[in-house]
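Chemist: Okay, here's what each chain looks like letter by letter:
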Amino acid sequence: MRFYEFEAKQLLAKQGVPVPPGGVAATPEEAERIAGEVGGATVLKSQVLSGGRMKAGGVKFADTPAEAKAAAEEILALEIKDQLPVSVLVEAKADIKQEYYLGVTYDAVAKLPVAIFSDMGGIDIEEVAEQHPDHVVKENFSALLPYSDYKMKELIASLGLTGRQLTSLTRVGTRLVQAFLNYGLTLAEINPLSQLDDGSFVALDCHLDMEEEARDQHKELLAEFGIDEDETRQGRPPTDFERRGARVDQVDARGVAGRVVEFDGDLGLVIGAGGGSLTIFDAVQRHGGRPANYCEIGGNPSMKKACELTKLVLSRPGVDKIAVIMNVVSNTRVDIVARGVVKGVIESGFEPSEKIVFFRIPGAWEGEGFKILEKYGVEYGDRTVSMSEAARRAVERLGVGA
Amino acid sequence: MSILVDENTSFIIQGITGREAVSMTRECLDYGSKVVGGVTPGRGGRDVYGVPVYDTVAEAVDKHGATGSVLTVPPAFTRDAVFEAIDNGIKLLVIVTERIPRFEVAEMVEFANMHGARIIGPNCLGLITPEKCKMGGIGGPAADTRKAYAPGPVGVMSRSGGMTTEIANALTAAGLGQSTAVSIGGDAIIGSSYAELMPLFEADEETKAIVIYSEPGGPMDAQLSEYVTKNNSRLPIVAFMAGRFMDKMPGMRFGHAGTIVEGKQDTAAEKLRRLEEAGIAVAEEIEEIPDLVKERL
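As given, the protein sequences belong to chains P and R, one line each in that order. Note that our numbering gives residue 98 to position 98 of the first sequence, counting from 1, and the numbers run on in steps of one. Note that our numbering gives residue 74 to position 74 of the second sequence, counting from 1, and the numbers run on in steps of one.
No lab work stands behind these hints, which were simulated from the structure alone. None of the values given here were measured: they were computed from a predicted structure.
Derived DSS-like pairs: lysine-lysine, alpha-carbon spacing no greater than 25 Å straight-line:
(1) R:K230 - P:K138
(2) P:K60 - P:K93
(3) P:K60 - P:K81
(4) P:K138 - R:K264
(5) P:K55 - R:K264
(6) P:K375 - P:K321
(7) R:K208 - R:K132
(8) P:K153 - P:K97
(9) P:K321 - P:K343
(10) P:K97 - P:K55
(11) P:K304 - P:K371
(12) P:K55 - R:K248
(13) P:K371 - P:K343
(14) P:K304 - P:K375
(15) P:K321 - P:K371
(16) R:K132 - R:K34
(17) R:K264 - P:K81
(18) P:K81 - R:K248
Bound-form chain P, shown alone (with noise of 0.2 Å):
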């Protein structure tokens, strides 16, 4: 789950990390307001999930007030990959002596987190490393062991970086790896941190992800600041029709049906589970089908959460069919993911032999789940059809239909 800018910074800013004077703001006067307050010039920053605001016009620079009025109003119209932003951040313009890179994530290949530290600030970290490889170091913690300063400054002073630089920096990159700790973050990132002209030291932008599994232990925090239990924060806002299959999957705790992305095309999917849908969703593309949905089935669900499910993907305008495929399945039971699709299907007013153009959910209970199927008519196949052979006739037959 990403943060926006504005929320990131309040958080290190709690956390004891310098970050520049100035406020977030939902209207041009509201940003004038807080031009004013900040006093001299000011910069002015799209609040949106993605990178790239500053190519894409969402940053603006202002002399007075009136500017900045005049600027925000630009930025809030401006949309960014498809996103128009929440508000727009006004914060006092910085006199620049020098740029830093620090950031701390995971290590998934030393299953360690790690803190990465570059006097090459204000570019793309990834960039930094493949060009200027020793502009970079990084070092792995201990997730057991208590951190300890030293590490950060061991790492810092490892570029050549003494005197109050030093000092200045592994304090900040100390009190970055407790935000990270803290918050249960999967990154933690300031880039720039910028030395000013006078020696000081502030955070001129940054990314924190805080981890969708340590959501439920940091509910304080995202009341704190107004953020949703189903905002998900991805590439993208959800749809009305995602935050739909999220509620679905909610019904009860038994498995999973859910996890729902729309997608604009007419073949509705009822798929699972997690490898599962990846692999039937690249199958019905290279058949030339035009997916509606992503969502999972998996982990043994009800049969009223297929149900459910079923009946959601049948919701969405431009859906006339759907496909319900699953790879063998371990602990989900055919007969129930059966029961519950035809239920959603007579539910929804249709006959299921009609509505359901394939299925092919072989394993734990099949013998039962081909019962149901043949009493409905419903066309399927068992394990000797393979996911993408189940696909491409889900996707024939649409066509003949069509």
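Got chain P; can you put chain R on it based on the hints?
Modeler: What follows is chain R alone, placed relative to chain P:
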């Protein structure tokens, strides 16, 4: 032969009285696995299909001497259960539980490394050496497991539990059995990656080829490519990559917790490029896998 588990493996199940754990116990027993005990705090003295339940791992290990454990406890209690198992000498831990925060997984793996224990998972279905031992829910009920898995020369490793069985099923149907199939888990940090299990398969004389199932996100494929290149592995590898559509959708998480495209190195396209560069064959469809394996045996 096999890796990690064979006919002599005996294990306990932590969280054995949970609904899914009870069915898993039945499935493992039916398949012939030696489930010697279970642990659920406060439920000591009961039994699940004849498997005695204890309050502590210490008691279960003391009575039955198991060295393996399948953990199927709620996410909030998993770290404690893992530490308890490792402190009591368990050397092979299969963590089924999903949605454990990454920091806790890092702690568990670090603790396991300190004690010479191995973790498979989290967020996995376990592992199976066909006709010898099924440790976890992999394959489902014993009858279904027997349909999908047969003994043979192919080692299987998969980030998806379901796709482990799908691939084994395709191999079995083509007359190719499996030495051991491991559902390695779908989380961003897992106890055992492809590259870390490779030396075990290398050392197993029966294993003649490897099949892996992978997804976008994470450095595991790059790590495997590097391993293969550096170690001049004797084992031909066939890989299948799902989620190619995700390359166009950065920042969106699909399927497993570890499956997200955050940078170029996470994309299916880039991972496939690296695998092929290391001489690993890439299957476009699951049904191509058996032929690709046969050509390389």
